[in-house]
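**Q** Chain residues, written in single-letter form:
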Amino acid sequence: MSHETGSHNDVSDNLPSEQHGGHGAEAARTDPFADPGLPPHEHRRQDIDEKAAKHSERVVAGLFTLSMLGTLGFIASYVIFPVGKIVYIFPVGHVSALNFSLGLTLGLALFCIGAGAVHWARTLMSDEEIADERHRVDADDELRENVRQQWITGAKESGFGRRKLIRNTMFGAVSLVPLAGVVLLRDLGPLPEDKLQHTLWAKGKVLVNTNTNKPLRPEDIVVGSLTFGQPQGLEEADDDFQEQIAKAAVMIVRLKPEDIKDKREADWGHDGIVVFSKICTHVGCPISLYEQQTHHVLCPCHQSTFDLSDGARVIFGPAGHPLPQLRISVNGEGNLVALGDFEAPVGPAFWER
Amino acid sequence: MSTNNETPDRRGPTNPGERIAEWTDGRLGLYKLAKSNLRKIFPDHWSFMLGEVCLYSFTILILTGVYLTLFFHPSMNEVVYHGSYVPLQGVRMSEAFSSTVHISLDVRGGLLVRQIHHWAALIFIAAMIVHMMRVFFTGAFRRPREINWLFGWSLLFLGMFTGFTGYSLPDDLLSGTGVRFMEGAILSTPIVGTYLSMFLFGGEFPGHDFVGRFYSVHILLLPGLMAGLLVAHLILVFFHKHTQFPGAGKTEKNVVGSPLLPIYMAKAGGFFFLVFGVIAAIAAIASINPIWALGPYRPDQVSTGAQPDWYMGFSEGLIRVMPGWEIRAWGHTLVLGVFIPLMIFPLVMAAIAVYPFIESWVTGDKREHHLLDRPRNRPVRTGLGVAWLAWYFILLIGGGNDILATHFHLSIEDITWFVRIAFFVLPVIAFWVTKRICLGLQRRDRDKVLHGRETGIIKRLPHGEFIEVHEPLSQQQLHVLTAHEQPRPIDLGPEVDENGVERKANPVAKVRAKLSEGFYGEHSQIPKPTAEEYEEITSGHGHH
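Sequence order for the protein chains is B and C.
Mapping to our numbering: the first sequence position 8 is 8, numbers consecutive.
Mapping to our numbering: the second sequence position 230 is 1230, numbers consecutive.
Think of the hints as simulated: they come from the structure by calculation, not from any bench.
Accuracy of the hints is not assured; some may be wrong.
Covered by chain C, according to a simulated footprint, are these stretches of chain B (three or more residues, beta-carbon under 8 Å) [as the list claims (entries may be wrong)]:
#: 1; stretch: 131 to 138
#: 2; stretch: 161 to 175
#: 3; stretch: 192 to 200
Rough simulated footprint, nothing fancy, chain C against chain B, three-plus residues with beta-carbon under 8 Å [unchecked claim]:
#: 4; stretch: 76 to 90
#: 5; stretch: 99 to 106
Not close to chain C: a few residues of chain B, all C-beta gaps over 10 Å, as computed [said to hold, decoys possible]:
#: 6; residue: Asp35
#: 7; residue: Ala52
#: 8; residue: Ile260
#: 9; residue: Asp267
#: 10; residue: Gly340
All C-beta atoms in this analysis are idealised placements derived from N, C-alpha and C, irrespective of residue type, glycine included.
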């Protein structure tokens, strides 16, 4: 180890050898760009004029006093304004009187402490710049050698290098023990199995309107409308309502039969009524924007656009595959029913899909 | 001297404050700690304040966050709302959502604290990014501060996740949509995606667990890690002593400025109150995330114009403009359209983390640096930084493509295609333009050194010629404009050895030499004026 402090041995030869020239008047004679050294201190008005200093003192004290008033105002607002009171304040608009007054008084109380302290520092505390020395971060040779010896002594006394059996079993033990923690994570959730492949839809399930919870009949659905539906029997109060609706939500549209370009789509519908999963195949937002003239639906999250007249094909945006279609028919009571579950998993794509 | 271990002439404590200090010193060694730190010198520059904004907004987040935990119920148990907010009465919602509505509308000052907390989070992450830009553009990440760069980087990384887990807690319609997006992105992970999703949500999305899990991550795990990193970050700032800009009297071996006591105690301590005061005023005036108006989350409902908090905007941009590539083979699906954007995020973050090591490898510069670079004097680094910012900015545009389309009556397809192309092109343009500007500024510095400052005073000479009077720079200015180093690129050495045999150059060394040429070659810096050039011009003739 031939480390010499001072002459940086880790400097490549492409870099300038000196990081800075000398400074002072001596150097300036040979080097026109030499460092002139710290400029002389210039006094502020407050340093020489006691009247100005007194004025600054009053400003600082005034700010601290204002802060006290702010805190008192905060307490007063808390007591005076009821929590639900809404007032109109130009130009902010209709706001909660309590929130507005608490925030501004607290802001004032805090800001004035800060402004007072900063003004105090800038006008009354000494502004003379001081130079402090820096020292290299790394150790000198003597210290380095000292630590090396300590390390060698300690390592030798432990017998770590000599008794390999101890060393190797210790490595084994220490690297195995975190497995216990990993195993404990197993019960964070169930295995996926085929949970994402199925929804509540099944043969004969009646479609109900999500808003009214009433069965949907073909005559209720007019050309150009968009209706959100779900399987009958799924209730908001159900324990797994959120998980089920996240997969089973559908949208029902009616197209003129001649507008449907995809034969399978027409076959799976009923008299121009077609039902598609409402869950975007990109990352799972519910799709809700329908352009009835073009039969396009747009996901409001990432703008994936699907053509509902052409098998819900992706025509724009980041989605990777069409929305799954639900096969429907009409049952004996004249209600729309599913003929089975979706044939492809709904929602975002995944590895097992 | 056998029992009395105090020297007889030692002055005893004279007042209560000193007595407390003596008592503490006897137990904690307070005086030794204070000796090197009480009058610690910190240099003054407005940009050194940016890190303080981070520190103070973090402190505000802890204070307000603790208050919010007193009222928030991190539970997804379903309740029917019967509180004071009429539009939601009778609506089913999680306890998380109903307690957030309670904090906002029934707890006096609850809304203020919630809004301070949320505003402080936005400001915290913005301040970290701007602080990081300052450190990057001035080269403050160079030895000995590379590890502190990594600490700061980790704080930014964790800060974004803390923000995300935090704004997901109220379980409102907007944040639930964000969580759904995250779940969809996790599902795209090859092989293990569905398992990760099931384990994270305790079953199928949304399940009944994620609010409770995010809660412990948001209020304990991440802030705990961040508090530790923050303390380490500050200890290193004290240990290394702060960097300073070049100037008269400032060298690599000193630090010039004002002492901690009293100047920075007053200035920095006061600045905490300024930041807190401003955020409190913002929270009074500007409403943020009014969850009662958004309603509780339901996976089959969404609103238009859904946007994440701003710092997640770039990931939103990535996911929106990526084409929907899916590869299907052997009964499996590789969801590249989601997985690629998901991977770009950590890769870009990793690139930022390792930059100091890459630069020091390319330039061969392993020395300590305490004098900051002026960004113009390092055109390639500055160009890279601006290119990154341009890229970040274009992704924010991509993330807000729907908002832009509706506000400016543009086609969403056009914006998306613009972002797709600009994603690749704009950073290149930004790099090139920035480098040119830096070189132009270097030329200007050179002219100012050699010919002085343009005064704007026109002088007519006796023979009728008009000239502009140039005023020579002061010694101080001359020094500042010429103090920077101009390293030469790394030389590969001669192509043949002393025997005339062709040397096999190591391909890695070749790449390094090429990159080094890019950093410090003749196209990347304007030679600064030499003393000889200066003497020749100022010694009398040619003073125009």
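**Q** If a hint holds in the structure, say so; if it doesn't, say that too.
**A** Hints versus structure:
{"no.": "1", "hint": "131 to 138", "result": "holds (count 6)"}
{"no.": "2", "hint": "161 to 175", "result": "violated (count 0)"}
{"no.": "3", "hint": "192 to 200", "result": "holds (count 3)"}
{"no.": "4", "hint": "76 to 90", "result": "holds (count 3)"}
{"no.": "5", "hint": "99 to 106", "result": "holds (count 7)"}
{"no.": "6", "hint": "Asp35", "result": "violated, 5 Å"}
{"no.": "7", "hint": "Ala52", "result": "holds, 19 Å"}
{"no.": "8", "hint": "Ile260", "result": "holds, 23 Å"}
{"no.": "9", "hint": "Asp267", "result": "holds, 24 Å"}
{"no.": "10", "hint": "Gly340", "result": "holds, 21 Å"}
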